[in-house]
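Engineer: Protein chains in written order, with the working numbering: chain A, 2 to 360; chain B, 2 to 360; chain C, 2 to 360; chain D, 2 to 360.
The set of hints was computed from the structure by calculation and includes no laboratory data.
Hints are supplied without guarantee of correctness; some may be wrong.
Put simply, identical chains are the same to the list, so a pair is met inside one copy or across any two.
[Stated by the list, open to error] When the alpha-carbon atoms are kept at most 20 Å apart in a straight line, the in silico SDA-like pairs for lysine to any residue are as follows:
1) K148 - L162
2) K218 - D203
3) K89 - E99
4) K148 - S10
5) K230 - R245
6) K17 - E47
7) K325 - G118
8) K218 - S140
9) K220 - F146
10) K230 - N334
11) K89 - T42
12) K194 - L104
13) K255 - Y360
14) K208 - N197
15) K194 - P346
16) K51 - Q22
17) K17 - L38
18) K89 - T288
19) K350 - Y360
20) K194 - D111
21) K51 - T100
22) K148 - K220
23) K51 - E14
24) K25 - F55
Computed from a predicted model, the values in this text were never measured in an experiment.
Number of protein chains: 4
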Amino acid sequence: MKYPSVHYSDYLEIEKIINAQHPKSDEYKKPAHDELLFIITHQTYELWFKQILFELNSVLSTFHQPQVEENEMGRASARLERIVSILKMVLGQIDVLETMTPLDFLDFRDMLYPASGFQSFQWRLIETKLGLRMGDRLSYNQSPFYKSLAESQQAEMLKVLEEPSLFDALEKWLERTPFLQADDFNFWESYQKAVNDMFQADIETVKNNDRLPPEDKEKNIKSLQDSLKTFDALFDEQAFNEIRQAGNFRLSYKALHAALLIQLYRDQPVFQIPFRIIRALLDIDETMTMWRYRHALMAHRMLGQKIGTGGSSGHKYLADATSKHKIFNDFFNLTTFFIPRSQIPTLPKSISDRMNFHY
Amino acid sequence: MKYPSVHYSDYLEIEKIINAQHPKSDEYKKPAHDELLFIITHQTYELWFKQILFELNSVLSTFHQPQVEENEMGRASARLERIVSILKMVLGQIDVLETMTPLDFLDFRDMLYPASGFQSFQWRLIETKLGLRMGDRLSYNQSPFYKSLAESQQAEMLKVLEEPSLFDALEKWLERTPFLQADDFNFWESYQKAVNDMFQADIETVKNNDRLPPEDKEKNIKSLQDSLKTFDALFDEQAFNEIRQAGNFRLSYKALHAALLIQLYRDQPVFQIPFRIIRALLDIDETMTMWRYRHALMAHRMLGQKIGTGGSSGHKYLADATSKHKIFNDFFNLTTFFIPRSQIPTLPKSISDRMNFHY
Amino acid sequence: MKYPSVHYSDYLEIEKIINAQHPKSDEYKKPAHDELLFIITHQTYELWFKQILFELNSVLSTFHQPQVEENEMGRASARLERIVSILKMVLGQIDVLETMTPLDFLDFRDMLYPASGFQSFQWRLIETKLGLRMGDRLSYNQSPFYKSLAESQQAEMLKVLEEPSLFDALEKWLERTPFLQADDFNFWESYQKAVNDMFQADIETVKNNDRLPPEDKEKNIKSLQDSLKTFDALFDEQAFNEIRQAGNFRLSYKALHAALLIQLYRDQPVFQIPFRIIRALLDIDETMTMWRYRHALMAHRMLGQKIGTGGSSGHKYLADATSKHKIFNDFFNLTTFFIPRSQIPTLPKSISDRMNFHY
Amino acid sequence: MKYPSVHYSDYLEIEKIINAQHPKSDEYKKPAHDELLFIITHQTYELWFKQILFELNSVLSTFHQPQVEENEMGRASARLERIVSILKMVLGQIDVLETMTPLDFLDFRDMLYPASGFQSFQWRLIETKLGLRMGDRLSYNQSPFYKSLAESQQAEMLKVLEEPSLFDALEKWLERTPFLQADDFNFWESYQKAVNDMFQADIETVKNNDRLPPEDKEKNIKSLQDSLKTFDALFDEQAFNEIRQAGNFRLSYKALHAALLIQLYRDQPVFQIPFRIIRALLDIDETMTMWRYRHALMAHRMLGQKIGTGGSSGHKYLADATSKHKIFNDFFNLTTFFIPRSQIPTLPKSISDRMNFHY
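When you get a sec, could you build the whole thing from the sequences and use the hints?
Structural biologist: Here it is as C-alpha cells:
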C-alpha cells in the first residue's frame, strides 16, 4: 500500500493525551485522590464536545446552502442522530463522576476557584451554533455569559453569535419546503375545519367528566378555549406575529407551517428523513436539558447550599437555566397543533404523487 | 428432589401477564398501533414498582426495629442499592416510550381520559413509604393527591400516611448512633473551631478574587456569612429548632449530627456500611427526581401546551413537583456542613478503637 | 367526548399484573427474598417480548406484501428501530438481575427445576419469525428446541417454522429492488474492476509491512487471495451457489446484490430508508447476540460449573448458541465486499435521477 | 484563599487535549469525515484507561501491604466499584462508535495499517496488573502479545509482568483471613457433610425428572457425580493441587477456602466489605469480557471476513480471547461450591462474636 506504517500510540497521540493531567492538589503537595477523576471526566466531556461541534458544523454547512440536495439529507440526519447518541452517553458519564463524594471533592475544591463548567467554551459554542441567542440566556453573576470565557475566546464567541445558527438555517430550509402552497389544494382551510371540530369535542369531554369538580371544569374549558385561540397562529398571520413578538414562538409563520406539514405527513417518502431531522433536534434539546438538570442535582449534592466553584450559587443557576435554555421549544410546542391522524385531511393524489418516487 | 417439576410458562404465569393488554383503540374499533407500547411500558413500570415496594418494605422492617443488628446492615444497604439499580433502568425505559411520537399518541389519547400516571397507587406508596408527607406535596387539581387514586386505594393510602416512613425510622436509627456523646471527647467543640477557621478562609478567597466585580464580592461575602450562620444549627439546638420550624430541615438535631458523623468518618469500619446507606438514599432521591423531570419533558413533547390526560396541564405540574418532592433533601444540604478532610478533627484512639473490629 | 372515563388502574389491569407473582419459596414455606426479583425480571422480559413480537408482526405484514409502498418504509424502519431500543434496554436489565447473588439464587433454585429460559415461547418465536430455522439451532439436551416448550405451544411453533420469516420476506423484497438490472449501465462489471484493483493494493500492503514476519506475510497474502476468491460470489452465479450450498451464505444471489447496492449507494434518496432497515436488522442481531452472551456469563456466575436449572450445563450451551444463532450473518459478512467510497463506480445521471424525487 | 485563580480551560489543559487529533485522511488530503470520531473514541478510551490504572494502582498498594487495615477496606471497595462504573460506561461508548458504518470506516481504514487496539499499552497494563499472565493469553500473530506494543513500552510491560498482580496480592490477603482455622470449630467438616447431603438430593432430582430421556439422566447424574468429585478440592489438599496443576484453579487452597468463607458468611459485619470486593472483581471481569465480545461483534460488522487493521483476522481473535482472558475465573467457579443458605453450618457464638463490633 502507499501508506506508511502507523502505530496505535502515535496515531492517537496517546502520550500527549494521557500526560495532560496536572492535579492542583499535587502542585500544592496535598494530593487528593479524586482530582484525577474530576479532570479526566471533564477532559472526555471536552473531547466529545469537539466531536459534537464537528458534526454540528457539517450539518450547518449542509443547511446553510441555498438549496439542500436530497442525497445529503440521510447523512445530515445520521449526524444529528450521532450527536444524540453522544449526548446520551455523556449524560451517563455523570454516574461515574458521582462516584466522587462531596467529601472527596472538598479535598481540592478550593484549589480550583473560580474555575467552573460555566467557562466551557465548546459547550457554549454548541449552544450558540444550535441557536441559543445572547438574550435567551440567563445572565450569570450579572454579566453576559461570554465574559466567563477565557479572553482569547470572547471575540470568537461574539463572532459566532453574529453568524446564522442551525436554528436560522433550518428556519430558512423549512420556509423553502415545497407543497406549502399547492395551487390545487387548500390544506390550511381543511385543517382549520378539522381543528375546530376536534376542540369542540374536547370541550364536551371535560363538560361530561363527572370526576372533575365544577370549578375545575370551568377552568379546563377556559384553558381549552385559550388553546383553541392559540390555533389562530396557524391561520392568521397577524395574530401569529403578535404571539411571536410576545416571545411565544421563534420560528417564522411559514417555517412553522412547514414543520407541521412534515410532522403530519411524515409517512410521505419525501418527508421521512425531514421528520427524523426534526425528531433528532428534539432529542438533542431534551438531552441537553437533562444534562443541565442532572448537573444542577449534582451541584446540590456536591456543594449543598454553598457557593459553586465559580462563585455563584451553582445549583440554582443550573436549575433555572435548565428550562430556559431550550432552543427548539417551538418543535415541542408544535404538538399543540397536532390533530388525530384520522382527522388529518387526506392529500389529493396530485400532491402525494409529487411526494413519492417514480422509477 | 422433593419439589415437583416446574415449567417456565406456568411458574411465571406468563399467560396471565401477556393477556392483560386490552387497548381501548381496539375496543373502539380504531386500532392505534402504539397503544400496546403505551400499556406495556406502564405495566412494566408497575411491576418494577412492586419490586421496589418489596425491597423498601424489607428495609423498613429492618430499620423499624428498636435495635438494628450489624449483620443486617449489609443486606439493607444492598437492597437500597438494588432500588437505585431498578430506578436507573426504569428511567432509561423512557427512551423506549419516546419512540412513540406525539402523533401516534394522539391516535388514542382521548380514549384514556382522564387516566393519568398521577393515579399510580404504587408510585405514591413508594414516595409515601420513603417519607413524602401529605404536606410536602404539590396539590393536583386543587385536591389532595390521594383523591386521584382509585377509591379502594384511598383508605390504604391514608393509613400508610399515618405509619412511620423510612425517613422516620432512619431518623430514630441515626439518633441512636453510638459515639454521638463520647464522654472523653468533645467532638462538636473541635468541629466548631475547624468550621470557623474554614469560613474565614473562604471569605478571604472571595475578597481577593479580582475577577469578581465589587457588588458580587459583597453579595458572595454576605452569602458566606449567611452560610456560616446556618452552622449555628449544628452547635446551638435552639437556633436549629427555629431553622427547622421554618422548614429548612426535617431531621432532628441529633439525627443530623449522626448523619454528619457518618459522612465525615465513613472510613471507620463501623460507618462503612451506614455511609453506603445514606449514599443509596441520595441516589434514590436523585433518580426519582430525574424520573419526574424526564416525564415533565416528555409530557411537553407529547402534549405541547395542551392539557394532560388527567385534565391538568401536565408538564408544568411535573416540573414543579420535580424539585418539591425530594425526600432526603437534608442529606443533600448536609454537604454544606462538610469541611475538608485535612481539617476534620482526628478521633482519639479510645474512640476509633471502638469503631473497629477486634479479632 | 364520546369515550367513557377511564382510571389508570383499570386501564392497565394493574391488579392482574401485580398479583401474578407466586414465589415457589412461599408455597414451600421457605421464603427466599430474591425470588420475587427473579419472577418480576422474567415477567418484564416476557412483556417486552410481546411488544417485540407485535412490532415484528407488523413489519412482517409490510414486507410480506407483493409490493411494499414507499410510504410504509419509514414506519417499518421506525418499528425495527423500536425493537433495537427495547432490546438494548432489556439487555441493561441484566444489571438489575445481577444484584441477586448466587447464594440468594440457591435459596430457591432447586424449587424451579427444570424450568429454564430455554422454555420461553415468545423468545423462540422472535428468533423464528426473524428467520432462525430449526437446522440453524444448537440442539439442547439432544432433542429439538421446540420440545422444551409447553405442549400447547409446540404445535404453534411448528406452524410458525413453516411460515415465511422476516428473513424470507426481506430476501424477496431485496430481489425486487429496481436498478439491479439497468440496461444502460453495467454496474457489476465496473464494480468487479474496482474490486480487483483494491485487492492488488491490499496484497502489496502486506508485502511491504516490515513488522510482519515472513510466515505471517505469506499467510496474510494467502488469506487475501482467498478473500478475493470469495468475491467470485458476486460475479459468478454458479460459484456463488456452491459457496452458498456450503452454508457460507443464506441470501440468494440477487438479494445479496441488492443489499450491496443499498449499502454502497445509501445516500441516494431511494435507498436512505432501506439502508436504515438493514442497519436495524444488524443492530437487532447484534443485541440479541450480546443478550445471549451476557446470559452465558451470568449463568457461569450464578451456577458455577453446575448444571443449569433446565438440567443442561447452562453457560456452555448459551455461549455456543451465542455465535451460532445470528440470523442476518450475511449482512455482517457483506462488509467483506465493500470497497472504499472513492472507488465505488459513479452512477450515470439517468440512473441517479430515477433514485431521486422530482417535485 | 491562599490559592491563585484558576480558569477552566487552563486547568483542564483543553487546548492540548482538543488539538491532539490529526486524521490521516487529512494528512493524505482525502478527508474522511468519520475518522475524527474514530480518533476521539479511542482517545477517551485511553483517558478512562488511565483513570482505571490510577484506581487499580491505589487498590494494589493497599492490598500489597503485609496487613490491610480495616479502615482502608471501604475505600478499596469503592475504588473497585468505580472501575466497574467506568467499564460499564466505556462499554456503552461502543454504541457511539457504531454510528460509524463499515463504508465510512473504509474511507480511512487502509491509512491506519497496521495500527490496532491490540497495541493499547494501557489496556494491556490493566489486564496484567489485574493478574492476566503471559501464559494465559492467546498469542497474536504467533508472537507474544507485548511485541505489538511500541518498543519503549515493551520493557516496562515485561517488568510489570514480573510484579505481583492484584490477583497475587488478593490471594495473599485471602490466605491471611482470620477465622480460617478456628480451634473451637471444625467448619470444613460440617460443610463437607452438608455438601454430600445436598448432592445426593440433586442426583435424586435428576433421577425423578420424567421429562429427561434416560440417556440424559445418565449423563446428568454422571455430571453431578463429577461435580461432587470436584468438591474434593475443598476437603483434600492433595486432590486440590492436582486439579489446580491441571489448570482448573489458580487460587491457592487456603485462599479458595477464605473466598468461600467470605461468600457464605457475607452478612457477618467483618465480611460485608470483603464480600463487596469480591463482587466488584467479578463485575470487572464480566464487564471486560463483555467489552472484548462486543468488540469482536463490531469487528465482524466493520470488517466482514477481512483481516483486521493489525493484519490478523480480528473478530475471531477477539472472540477467542473473550473467554480465555478472564482473570478471576475462580470466583465464578467458586459458585459450584455454594450450598443453600439453609444448609450452611451455623457459626458458634464464640466465632460470630469475633466477627462483630463491640461498642
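Engineer: Now tell me if each hint is right for this structure.
Structural biologist: Hints and how they fare:
1. K148 - L162: within (14 Å within a copy, 50 Å between copies)
2. K218 - D203: within (12 Å within a copy, 54 Å between copies)
3. K89 - E99: Answer is both; intra-copy 16 Å and inter-copy 14 Å each pass.
4. K148 - S10: Intra 38 Å, inter 14 Å, cutoff 20 Å: inter-copy only.
5. K230 - R245: within (14 Å within a copy, 46 Å between copies)
6. K17 - E47: Classified as both; 15 Å inside a copy, 11 Å across copies.
7. K325 - G118: For K325 and G118, only the intra-copy Cα distance (18 Å) is at most 20 Å; the inter-copy one is 26 Å.
8. K218 - S140: Result: close only across copies, 17 Å inter versus 39 Å intra.
9. K220 - F146: between (40 Å within a copy, 19 Å between copies)
10. K230 - N334: Answer is within; shortest intra-copy Cα gap is 14 Å, inter-copy 44 Å.
11. K89 - T42: For K89 and T42, both the intra-copy (15 Å) and inter-copy (15 Å) Cα distances are at most 20 Å.
12. K194 - L104: For K194 and L104, only the inter-copy Cα distance (18 Å) is at most 20 Å; the intra-copy one is 62 Å.
13. K255 - Y360: between (31 Å within a copy, 19 Å between copies)
14. K208 - N197: within (17 Å within a copy, 62 Å between copies)
15. K194 - P346: Classified as within; 10 Å inside a copy, 52 Å across copies.
16. K51 - Q22: Classified as both; 18 Å inside a copy, 10 Å across copies.
17. K17 - L38: Intra 18 Å, inter 18 Å, cutoff 20 Å: intra and inter.
18. K89 - T288: both (7 Å within a copy, 16 Å between copies)
19. K350 - Y360: both (17 Å within a copy, 13 Å between copies)
20. K194 - D111: Close across copies (19 Å), not inside one copy (63 Å); limit 20 Å.
21. K51 - T100: Intra 25 Å, inter 16 Å, cutoff 20 Å: inter-copy only.
22. K148 - K220: between (45 Å within a copy, 19 Å between copies)
23. K51 - E14: Both: 16 Å inside a chain and 14 Å across chains, each within 20 Å.
24. K25 - F55: between (31 Å within a copy, 16 Å between copies)
Figure legend: structure checked against the earlier numbered hints; every hint is met.
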